[in-house]
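Asks: Sequence:
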Amino acid sequence: MGVYFARYVRRHLNALRLAKWGQPPSAPAAGPVVIYCNHPAWWDAAVIILLAQRFFPAAESYAPFDAAMLARYRIFARMGAFGVDLDSPRGAASFMAASRKILERPGRVMWITAQGRFSDVRERPLALRPGVARLAELAPDALFVPLALDYAFWDERGAEACAAFGPGIPARDLLALPRPDRLARLEADLTATLDRLGADVRSRDPARFASLLDGRRGVGGVYDAWHRLVAALTGRRFVAGHREGRAP
Numbered sequence: 001m002g003v004y005f006a007r008y009v010r011r012h013l014n015a016l017r018l019a020k021w022g023q024p025p026s027a028p029a030a031g032p033v034v035i036y037c038n039h040p041a042w043w044d045a046a047v048i049i050l051l052a053q054r055f056f057p058a059a060e061s062y063a064p065f066d067a068a069m070l071a072r073y074r075i076f077a078r079m080g081a082f083g084v085d086l087d088s089p090r091g092a093a094s095f096m097a098a099s100r101k102i103l104e105r106p107g108r109v110m111w112i113t114a115q116g117r118f119s120d121v122r123e124r125p126l127a128l129r130p131g132v133a134r135l136a137e138l139a140p141d142a143l144f145v146p147l148a149l150d151y152a153f154w155d156e157r158g159a160e161a162c163a164a165f166g167p168g169i170p171a172r173d174l175l176a177l178p179r180p181d182r183l184a185r186l187e188a189d190l191t192a193t194l195d196r197l198g199a200d201v202r203s204r205d206p207a208r209f210a211s212l213l214d215g216r217r218g219v220g221g222v223y224d225a226w227h228r229l230v231a232a233l234t235g236r237r238f239v240a241g242h243r244e245g246r247a248p
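In the numbering used here, the protein residues as written are 1 to 248.
Derived by calculation from the structure, the hints in this document are not laboratory data. Among the hints, a few may not be true.
[Said to hold, decoys possible] Pair by pair, the computed Cβ-Cβ distance ranges are:
(1) M96 with R216: 40 to 46 Å
(2) W21 with F118: 24 to 30 Å
(3) R7 with W154: 31 to 37 Å
(4) A97 with A58: 34 to 40 Å
(5) D205 with A58: 31 to 37 Å
By construction, the Cβ of each residue, glycine as well, lies at the ideal position given by its N, Cα and C atoms.
Generate coordinates for the entire structure from the input sequences, incorporating the hints supplied.
Replies: Laid out in structure tokens, this is it:
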């Protein structure tokens, strides 16, 4: 499925980029890892799958998924997604029960779109769901890592999907805080990561990022066909894409 989504991203996006400062934890944690992120777009699921394959290939990855949406996109259930209904007390209890089983073993990674809804990347406060902070009580050996996701159009037809991991915080450090302060700490860490990533995205400078996947360059169709013909007639090399231009 990773191969499928890599092809899908290459076809529809210009690139998947990771901020050079935003690498994930370099050493595996003693316990499980909880990666919580904002939720700006439909593309988040595909991006998370590719990040999991790239940076945590040996780990078992899981992700809560809106139950109604999982019924429509059942393929995600084959990749570790489990359905939850966070708008009901029964759904919240089911989420906590499933999370307890997942996080009881090291070597597992839970990916959570912690806002629980689609939200503009510029929205503040982020209004994270309180359930993400309660996971520290279920897994005191876990490491909580913020993940910022952003999308923008730069110079090409396809969008840039940009990501950055922030510094992790051990669950035991969260448990040392009063329960209301745990959620505030997680939200502050993710907000800081989002703000820093946003500055890089607004710079429109690819040099600030490591490219994880590159999509198809150029406009395509008649536009690129015409420039390809002109390049051939004038003896110049055709290079698709606006940033690169048409090389001599």
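Asks: Does the Cβ pair D205, A58 satisfy 31 to 37 Å?
Replies: holds, 33 Å
Asks: Mind checking the hinted window 31 to 37 Å against the Cβ distance between R7 and W154?
Replies: violated, 22 Å
Asks: If I claimed the Cβ atoms of A97 and A58 lie 34 to 40 Å apart, would that claim hold in this structure?
Replies: violated, 26 Å
Asks: Range first: 24 to 30 Å. Now tell me if the beta carbons of W21 and F118 are that far apart.
Replies: holds, 26 Å
Asks: Check the following: the C-beta atoms of M96 and R216 are separated by a distance inside 40 to 46 Å.
Replies: The hint (40 to 46 Å, Cβ to Cβ) holds, given that M96 and R216 are roughly 43 Å apart.
In this structure, the hints that do not hold are numbers 3, 4, in rising order.
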